[in-house]
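Trainee: Position chain V against the provided structure of chain P, taking the given hints into account.
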Amino acid sequence: MEAAIDTQKISMKSLPAFEALASGHRACQGCGEVLAMRLAMKALGERIIVVSATGCMEVITTPYPQTSWLVPWMHVAFENASAVGSGVAGALLALARKGRLAGGDTKIVIMGGDGGTSDIGMQSLSGALERGHDFVYLCFDNEAYMNTGIQRSSATPRCAWTTTCPLGEEQPGKQEAKKDLVGIVEKHHIPYLATATPAYPFDLMNKVRRGAQVKGPAFIHVLAPCPTGWRIPTHEVIKVARLAVQTRDYPLYEVVNGKYILGKPGKNVKPVAEYLKAQGRFKHLSENDLAAIQQEVDERFAQLQWLASRP
Amino acid sequence: MSNRVGIEVSIAVAEAVGLCDVDVVAAYPITPQTHIVEHLADLVAEGKLDAEYIAVESEHSAISAVMGASATGGRAFTATASQGLALMHEILFAVSSLRLPVVMAVANRAVSAPINIWADLSDVMPQRDTGWVQLFAENGQEAYDLMVQAFRLAEDHRVLLPVMVNLDGFTLSHMIEPITMMERDEVRRFLPPIEPARLLDPDHPRSIGPFGAQDVYTEAKMQQEMALLRSEGVMEEIWQDFEAQFGRRYRAVESYRTGDAEVVLVTMGAVSETARAAVDEMRDQGIAVGLVRIRMWRPLPQEQLRQALEGAKVVAVLDRMLTPGGTGGTGGPVGEALRSIFYDAPVRPRIYEVVAGLGGREINRRTFKEIVRQALAGQEQVRQFTLLDVRCA
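Sequence lines, in order, name chains P and V. Using our numbering, you'd call the opening residue of the first sequence number 1 and step up by one each time. Using our numbering, you'd call the opening residue of the second sequence number 312 and step up by one each time.
Just so you know, these hints were derived from the structure itself, not from any lab. Since we're looking at a predicted model, the values are computed, not measured. No incorrect hints appear here.
Below, computed lysine-lysine pairings styled on DSSO-like, alpha-carbon distance capped at 30 Å:
1. Lys359(V) / Lys215(P)
2. Lys9(P) / Lys267(P)
3. Lys179(P) / Lys277(P)
4. Lys13(P) / Lys239(P)
5. Lys259(P) / Lys215(P)
6. Lys98(P) / Lys359(V)
Going by beta-carbon spacing under 7 Å, a handful of chain P positions derived as facing chain V:
7. Tyr64
8. Leu70
9. Ala83
10. Ala91
11. Gly127
The beta-carbon is built from N, C-alpha and C at its ideal position, and this holds for glycine as well.
Next up, chain P with everything else stripped away, as it sits in the complex:
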């Protein structure tokens, strides 16, 4: 049977012409999430079934009777995409075994935002990872509930402004740290895990493709800047996403069968303040806040380096 996922490494020369999304959708101008989704779909190709959680990507692509999707796509609710995907996986196995599946091999792609993944969808994700179904999960993390109007999620970083962690005298912005979703997923000991951003499109596409080639669950965490919620100009989305990596606030790495592989270190690491000051949601930060965040970034990166140094 023909494999669902192309194995060729994606470069400028071998960039797939395939698009899973028709031109035209209802995302905000400069949306980092829809760009990341488009790139991921290029890497995956047409032999896929997409199961989507509720969120921006669901709303902007499927206002009935229109749909942007050129691949099979299903949405049920906010918190259960991983469970719906588990059922798709079960049916594909049973039907293939019984000779009732026409066509070639099919890869299941489950996707959700940060809310649909690290908050309300955490249970169904954890269950699906533990059961080990064959799917690739794409988490497009824009660090708040953007679809409902920029409310705090567990993925919102410390100090960030949102409409439910406003800049009060007593409590300026989010008081708590961002949930370590990637760490939680890693503890399920799945075969493939990676971080990516649309600022590094080939890195993103190749990670999605590598993840989709493994048998069993793969998880791609994508930092996807939201110009509306992050309070950044629409033309600076890629610049800000790149700064997240360059400042080590959002390091790019893979965990392949438990082995951490850190992305190539940048030549000159920038202070995290450059990343934060580019965003309106952090404009209230004091020098003390910046120093504290810098320390957190350094500690997280040192831990990552230690993990990557293990044999």
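Mentor: Same frame as chain P, now just chain V:
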């Protein structure tokens, strides 16, 4: 030739699901549903059922997984009870709205608090408006037969709706009863292979579950409602076919000794057998009493119910769920439904509403005799319904 065996009803239900060649079972354990899903796991593990058994991490995921399986073209089954059904509630609407022919068994049980594992209908009644076909079994044979009929109804392209088969927790699910078992080839003759209507298929891409705004939402609901109403007639056809093949007759509404009855009891589920025995004993004492039992609760067979109860002076309806704070203290959903059915009738029976059997409190023949005694006594109900045998009223 079919054979009649003594078997626990839950096991028989699982056997019936197995005979239907399901492709995917997704389930989470909850008392008193467990024996159904345990036996299905056995069938899969022993290679007697070629299906994927997905041991999900919650009922919410169970119903979600069977949706995914059904949308991929598989025949999918789940089972639950009580809190599990309540946890599924959100997704139940989506199953029916996306027109996925999922079948679910519910071993009816009270809902918390206080936590209580015994039978009543307070788990299923709040699911009344989720758009599922809802059937209620009276005994083991019925629970067994209804499973097979449920798949055929759900998958009929005139219907394409999920079907819920209810059986009382413990008092039916855990009973050992004589059941005439079907053979696999007999079931295959009765239940054709599933022909999915809409599929997640890379060769024919389709978006399932899109966002529908004000301009289409009402139409989607209307189409769904028309299919649900249509299912009553399709079920009748299926029951006729079933009778022709297996010799057992099913109806949406069953009447027993109602011909000249002055008072007619209305029941659902396993207590109906007890009610029938009570009717016989009361008839022996010269009381003109009959029984109407509702097998199909959604869609509600209104005309059949009206006809079945026509001529009765008093209709004594047993609800096994309390509708809290209903206007004027309405007892329960079945009582409400009957009052609605007769509101426009030229001759209306007096409707005597009783709520009993909550959290598994025993309902026996004496219970029905007391209900009939009260109903015939003609006393006005203080709050429009009577909570039978309650100590703090």
